[in-house]
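Starting from the two chains in their separate frames, assemble the complex, guided by the hints.
Heads up: the sequence lines are chains A and B, in that order. Going by this note's numbering, the first residue of the first sequence is number 66, and it counts up by one from there. Going by this note's numbering, the first residue of the second sequence is number -4, and it counts up by one from there.
It is worth saying that the hints were derived from the structure and are not from the lab. By construction, the Cβ of each residue, glycine as well, lies at the ideal position given by its N, Cα and C atoms. Careful, some of the hints might be misleading.
Said to hold, decoys possible - Only some residues are given here: those of chain A computed to face chain B with a beta carbon under 10 Å:
1) 68
2) 73
3) 136
4) 137
5) 142
6) 145
7) 147
8) 195
9) 209
10) 347
Said to hold, decoys possible - Stretches of chain A that chain B covers, calculated by requiring three or more beta carbons in the stretch to come under 8 Å of a beta carbon on chain B:
11) 123 to 135
12) 197 to 205
As the list claims (entries may be wrong) - Here are some, though not all, of the chain A residues that point toward chain B, as calculated from beta-carbon distances under 7 Å:
13) 69
14) 70
15) 138
16) 146
17) 194
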Amino acid sequence: MVLHESFLTHANSRWLKLSLLLCAIAVGLYIYHDPTAGPNGGTWLGYGLGTLGLMLILWLALLGVRKRSYSSRLGTVKGWTSAHVWLGLALIVVGTLHTGFQFGLNVHTLAWVLMMLVILSGLWGVFAYQRYPNIITDRRGALPAEDMLREIAELDRQLVLVASELGKDIHDRTLQSIARTRLGGSFWQQVRGIADQATGEGLVKRLREELNKPVIAGKPAMTATAPTNEGNATMMFVADAFVSGQQDVKQRETRRKLLDLFSRKKALVSNLNADVTRRARLTLWLYFHVPLTIALIASLLVHALAVFIYW
Amino acid sequence: MAIVGSGPAGMSAAARAAETGMTHVLLEAEPHLSNTIFRYQKGKRVMAEPTVLPLRSPIGFEEGKREAILDVWNRGVTDLKVNVRFRAEVTGISGSRGDFSIALKGGETVQARHVVMAIGVQGNLRKLGVPGEDLERVQYQLDDPDAYGSETIIVVGAGDAAIENALALAEAGNVVSIVNRRDEFSRAKDGNNSAILAAIEDEALGCYYDASPRMVEELAPGDSSGKPLRLVLDCKEGEAEIYCDRVIARLGAIPPRKFVESCGIEFPSADITSIPAVSPRYESNVEGMYIVGALAGYPLIKQAMNQGYEVIEFIAGRDVKPADEPLLEEVFRKIPFGLSVDENLDLIQQVVPVLEPLTTLQLREFLLDSKVHSPADGEEIFAFNDYTNSFYSILAGEVEVQIDPDDPSSGIRLAAGQFFGEMSLISGRRRSATVRAVGNDTLLVETPRRSMNKLLQSVDAVRQVIDQSFILRALQTQIAPGVPAEKLQSVAASTTLRHFKAGEVLFNEGDEGDALYLLRSGSVTVSRDLGGRSTPVAYVAAGNYVGEMALISDLPRMATVTAAVACDALRLEGQAFKELMAMSADVRASIEGQYKDRLVANAAAESRSRNGSMIGFLVSQGLGEATDVLLIDESLCVRCDHCEKACASTHGNVSRLNREAGPTYASLHVPTSCRHCEHPHCMKDCPPDAINRAPNGEVFINDSCIGCGNCERNCPYGVIQMGAVSQEKPKLWQWILTGVGLAPGTSVPYDKESGVPKKAVKCDMCKDLAGGPACVRACPTGAALRLSPEEFMELAADRA
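Excised from the complex, chain B in its bound form (with noise of 0.2 Å):
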């Protein structure tokens, strides 16, 4: 058997042969052993991810030091007395099972009955892609951080590469920015996101969200900046110029296609990044030739090692087991048909089709972080506006969707193979319906949102089918109630789905009506000129509809409609919007009831421009997104800060508002406090998925924050801080009769030197104290509350 590539796939694969007594030969391309973690930086932490997966191998892997890793490897390769050939470049395979035979450079031929090719992908680095990519201080490379020293150094990428290298560049004392082509570091492993992110919140390094490379150039010796590079980015805010000493560029590898599509492999799409498919047992379409480690998609160095012993015991006729399969066996459990777990992932596969697109390695990580839930009959799975957003797939029986809360007729059944749960694990916000099993056999597979997010981003067939269904079913519940799906289709087939930026306008007033909007996230202003001045009018949350009064008034838009946060909206075109409304009675009604409401309700504003202001106003403020909000009347407010102490004093000392800080409008102030958002900034993005919305609706963060500071970074509204919260308890009566000691609802500094690690710190609205949030409860005079949307948006109106 020959083994190609001695990384940690092959290497494991060839110390399983050399363990079982199979004859082997590892050919190996470099002098030494696993060149992708040989060339990792100096001292570089390896982790040992995913956690949960033990590792199979007859040579050991833990999470540790680069040097201590290739050491504990290169002895076990020593002890099995492994037969590697180094400096063994493969540069044809050509035969068939039985009868291969591998072209080394230098003329040689190795024949071998099996081929495992384990030569993953690094050895094919992607580059920038723009103009100056083969400059020679733009590298894609690093293997020692410590050779720079002064220099400022932009390392472009989000994955682990670009973080371990910016950080040690930054520690050997480089200026060091990091450019990332999205707003998340949510690609790299947990650590190394908490890293980075640690790293830019303490200013040790800077970073450029929403930026990517647009050229780079080289500039004249003397040039004025004094660098000899000129790096342009294109950012979300515009065009950004950095002048530097070199650029690192860690943008992952693509496979070696080439060279693989030659050995007979075929690739399933023209995709660069496209990956060869392999059999459940690793083999590729040549019979004989398997795939496995990077190549095979699974550039985990854990699960690398483990495929390697598989797929030696597979050659050798030896059934084996995954490593996940007690895991999955117990994820399973619940699944009465005393099926195995490979046949429960058949079946999972066959009955949700959403999950078919999956390879059998992604169904079974996947698997790995789901519940399976056998509910019995009318037991409900959530309810209506529950906070919950976990997705559920229907494995067999039926459960009943009830749209309406007050209605209990209003149900649509959902048989297997379907999946539910997807409108709040899209939009974020509370459920819209309520699900309750139907009869005794329904069983159900429950994602949490992390995973299924996880899923989204990386398989786009996936992507596809929940978009389409979300199509479907807002249509249904929030359009169209009533009309049966089969009628949608022809609608649903057009609709299309609209991203928009924060600012950016969906249509403007005075433009010819050719669509409307239903909201699938976000939330937009609807605003008017009134007098030459744009005034908000209305706010218009997510899971309503915008932009159906020039459909039916065939007039131009009365009103602009902005995006007041990042929107995903589905576009209806009139044409389709018109066929929906000749569909039903039901469905015209209530959309020209709709209609009526904006046509009073702009007349109304129209009427009373301050009352728009003030929604304009509120609106800017972020409290279009709240469910829950700190309003202060200053006119009352004697800048006590009791509401300050009351918070400090019930969360350790730190208070999670800031009264003085936050614009006024109109004597109504809005301090810097949690609104409570619908659709929380805060929770997008937290590696241990700290940050939770409670039954209430109170977005509060628990104990296992880490401190990255990313729901900091991510609240738009600057309410979460950095903090340590302490045990000390002020004593009332010794501070009032002497003075002596903390005056009582006094914030504590963070102490450095208690090595209590900062934690993100917000309001948790009290929910674990009876009788609501004490900073209204602690006010003297009646100015702070806390209101709802509905509260303030009536006292907007009270306030015109």
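The shape of chain A in the complex, shown without the other chains (with noise of 0.2 Å):
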């Protein structure tokens, strides 16, 4: 029993094996075919091949319909893939035989060049579909998109709690770190890569160069919330010492729960950057593609009108 099997090989590749058929009838009757003024679009086999490759750009421009009329019955989206996948792929020969190699610096050949940029484009398109869903899963993690996002809003939340502990200055900081924290962005922004910033560097550099500072018995390491303790009698130096390093240790203590907190954040965020950069890279090929597609129907509509009008 086939249980999950893709688009290329659907119905036993039953498109794959039709294109090549087209593909191998196109050929044979190039190569039959000799007319006296050499192969181009104004032949029976020209318009034949202009023709059929005119409705076959259509019909595959059709699958954006189809792919969209959800109740439709007719026939399955995969099975549209399939073949629009194929189908597109023979066009190659299709189109080009209908040239008859006849190039030049024209809106014809522009034409052919729009189809064949579509086709690469879609090319491109079978590679990013081979390549990326595969990369996604394995390097996504366990967690959903959508947990990653509550997992990091949890985070911030206990690094506020965290780093109020701290004194005003680390919690201001902390929160102009969260502030800056950037997911996602625009389209070109997801496809290059968000550089991974804004994860509170240096206030982690800070926080790393105090923990590292030796601990000088009952002196506090850090300054800005540890209570002074000059001028005292001794008797009170030393108790005061005592609590303070209590202190101390405590305060030490929370840094590290900061630290680490911001390190699993910075983890999470840059794991969730390049899970959207990842996505975005599996779309990129449509932002040409359609666009393409749209621009060759023009030109083809330009082409038709020319031959038929100036020929």
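The following block contains the structure:
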């Protein structure tokens, strides 16, 4: 029993076989056909291939309509996609033979070039669809994007909570870092990948340094919030030092906690941004494929009009 | 005639007595009528259930506010010139028919020829029964919820009173949680049931399910919690501590037994909730002393009022048919013997032993919901693998139960008095046999799942009979086919019914094999310790058994069996099992065949432990109880979400699946989408019974959904949501060409302003669309597939 099966091999590779057959017939006819003026778009074969090509292009473009006609019972979208890919590739042969290899700097060749670009971008799409789904799954880790977002929000909450125990300065800078966290971005930023920034680099560095400072008995390593004990009587000094020593241990613990939260958040944010980037790259080709298709159809209209009016 | 108690029953009786000119006195301890209703909280909406039952009383009653109802009653009593004595508390009744003397507090005595006892049970409230139950801040009544406004209050109980108190207190601005001993509010009236579920859903109040109080403790003033009380709950997950201002326990009331017994009335059992038995004319064992209303087991106002009317008619020697008579006549229309309703009821109780423990009134109620069928010879009642779940009792004639669908000769005959259909009723699974009528004289009573479940919950004796019979039939159909029932009796007698919670272990690998478990409902996973790691190797669903391997081989348990979901299992002791094996060669062969299959499966699992992990993963995702599940191959999925869009587009712009959510294992992704469980959790507690199973197994919600959110809460897989379908139809071409309007497949978010109520929405597997599920048809790359259990277990094996 066939379970999950790619659109490329849909229904026993039916559309691959059909496309190969179509190409074979086109090539066969092209070789057999030997027009006096040399092969060109104006012979019966030329017109035939041209008409077939045009119909194919219009039909291929209809995939965008079919896949959104959710109640349609006209085949499955998978079948359509399979046919779209293989018949689209067959267009290389059909379209090129239609030209009779007469290229020039004109609107007709422009249509051919656009067609080739559409097909190339489509091939890129097939490639992207083979490559990225696995990468996204493998590298995303266990959490779905939605959960990662939730987790980040939760970490932010804890960051603020922990930072508030460490004085105004650290608290403010933590808030700043949270405000500067960037996820996603515009499509192009997504595709390029957002540089990991604003996960509190400066603050993290400072916290690390402070933690690395050696602790001298009773002396707090940080002075921002630790009480001073200058000018006290010896007794008081000892008691104070004892208290502040304890406080110091507690403060170091809190700092360590904050650092830990920052590094967890950083890992999550970069993981999520990388995921977003991979997803953007999965669909990037469409940003070429679709506009190029529209341009192709427009140029084909011009090509056909030009041929019928001026030929 | 003396009527004791002026609640709905007593008042209605007195009113009828006054109307017909009987000498009467209505004795009421309080200075007002109907103390129970009088003490209902202000503004309480009083229901008039059962709705199908007509009211028969000189005094009016319909659903409405407490105040309006009391008003109607007071006016009725005044208009009919009922002789009421307020502040007349009865302390004792003695004497017999024609000569009763009723002692009142204060020493006065009233003489009467007949006594109608209508004292209800509310005078005797049930307490928490744990340390601290008598603390001042632990109360059992709530007169005015508006008296509290900013307290943290815990309401204990799951009945109507508890629900109404909790809702009103939350409305008044208190922080309220309700503590429910069980996991549903099915004991409450439908209206309250949906109201409380909606409130929990909206987080207007909190709820502890499966929780019961262990103790209440008063805290010293200035306690760090800032609260005066600490309540400790035993919950499923462990102990919970709640600090609160007040505990209000509404646990119902128990009959004031001492007083009633002092009047000479006997109780049938020592159980504190037991009520005195009465004749169909409401007469107790003391001749001339009648009991109506809640004390007779009928706590509903309308029933009580009807009984009050009827008891006067009986005492006056007038025969009166109960109010549900015409409805029952309609039910019995197909019974051809020309009998009256009473005769039919007698007949049913005589013929069908399982219904014998019911009181006449319970039987009437039970039958009101039932249907009588008279199938023709050979007519199919239901077929093997059907997804129906009603219960049938045979009133006359015979049916044939064909256990093996391929072998028409594998039938067992069931005769009048027996019942069938309980297997699917209990397990919630497809019918395990085909049943056909034999001859043209067959008469069947079909009872819907809900009424039957209610009966099973309220009458222990019925439950026991059904359980016993279930054991016997399960042995007969699943372990020892072909062995006559008589031979199985002793084995059945030693078989016990065990309940396992999800995650509970039936037995561990290495244990001594002492018993076999036949799964009655739920399912289990079988796992083995492979290289120090517990690896699931198989999944076993209800209707099958586990644990036979150790019994056959006399070796220790070869695997650990854990309940995947809550399970009921029949435990067959090792000795009894061996007797069974010795009984017939066929049984032995079939069990040994199963044993060999499992040995092979275990060995195979050992060699492919990844397959084991895949099974473990699928089962942990609830696929073990699935009949059809959407699985996405993430190596093919291009995350286009056309599956979701197709779902939204074909289902009123609300998608019932969330592709992204859900876990992934080895590229196989289980999105949040309905699994169409064999034993649907969502169906468990649907007040309007709106969730049904289509003949092909699709679990769907029909239009009668009231939006209570019960199913959403009950679904362990989070695949049901509350939403409103919209009629909006996105225009595809307009959107493509101009970009104006909704894109096809957009999920339209719920619009609060629209006033359209939210209802539960879930996958219906596109049962009304030709060509199968839209999600799968819309997948451009072949990543999305809907699979049956056999198919995805095969997929698990393929991927190993």
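Status of each hint after checking the structure:
A hinted interface residue such as residue 68 of chain A counts as satisfied when its beta carbon comes closer than 10 Å to some beta carbon of chain B; here the least separation is about 5 Å, so the hint holds. Because the beta carbon of residue 73 of chain A sits about 9 Å from the nearest beta carbon in chain B, less than 10 Å, this interface hint is met. Among the interface hints, the one on residue 136 of chain A holds; its C-beta lies about 6 Å from the nearest C-beta in chain B, closer than the 10 Å criterion. Taken as an interface hint, residue 137 of chain A checks out: its beta carbon lies about 8 Å from the nearest beta carbon of chain B, inside 10 Å.
Contact between residue 142 of chain A and chain B, as hinted, is supported at the beta carbon level, the nearest pair being about 5 Å apart and thus within 10 Å. Hint on residue 145 of chain A holds. Least Cβ distance to chain B is approximately 8 Å, under the 10 Å limit. The closest approach between the C-beta of residue 147 of chain A and any C-beta of chain B is roughly 9 Å, which is under the 10 Å cut-off, so the hint is satisfied. Taken as an interface hint, residue 195 of chain A checks out: its beta carbon lies about 9 Å from the nearest beta carbon of chain B, inside 10 Å.
With a cut of 10 Å, the hint placing residue 209 of chain A at the interface with chain B holds, because the nearest CB-to-CB distance is about 5 Å. Satisfaction of the interface hint for residue 347 of chain A is found here, the shortest Cβ-Cβ separation to chain B being roughly 6 Å, below the 10 Å cut-off. Remark: the segment 123 to 135 of chain A is confirmed as covered by chain B, as 6 of its residues place a Cβ nearer than 8 Å to a Cβ of that chain, reaching the required three. Under a criterion of three residues with beta carbons nearer than 8 Å to beta carbons of chain B, the stated coverage of the segment 197 to 205 of chain A is upheld, 5 such residues being counted.
Hint status for residue 69 of chain A: holds, given a least beta-carbon distance of 4 Å to chain B, under 7 Å. Residue-level restraint check for residue 70 of chain A holds (minimum Cβ-Cβ distance to chain B is 5 Å; threshold 7 Å). Given the 7 Å rule on beta carbons, the hint for residue 138 of chain A holds: about 5 Å separates it from the nearest Cβ of chain B. Among the interface hints, the one on residue 146 of chain A holds; its C-beta lies about 4 Å from the nearest C-beta in chain B, closer than the 7 Å criterion.
The criterion of a C-beta within 7 Å of any C-beta in chain B is met by residue 194 of chain A, whose closest approach is roughly 5 Å, and the hint holds.
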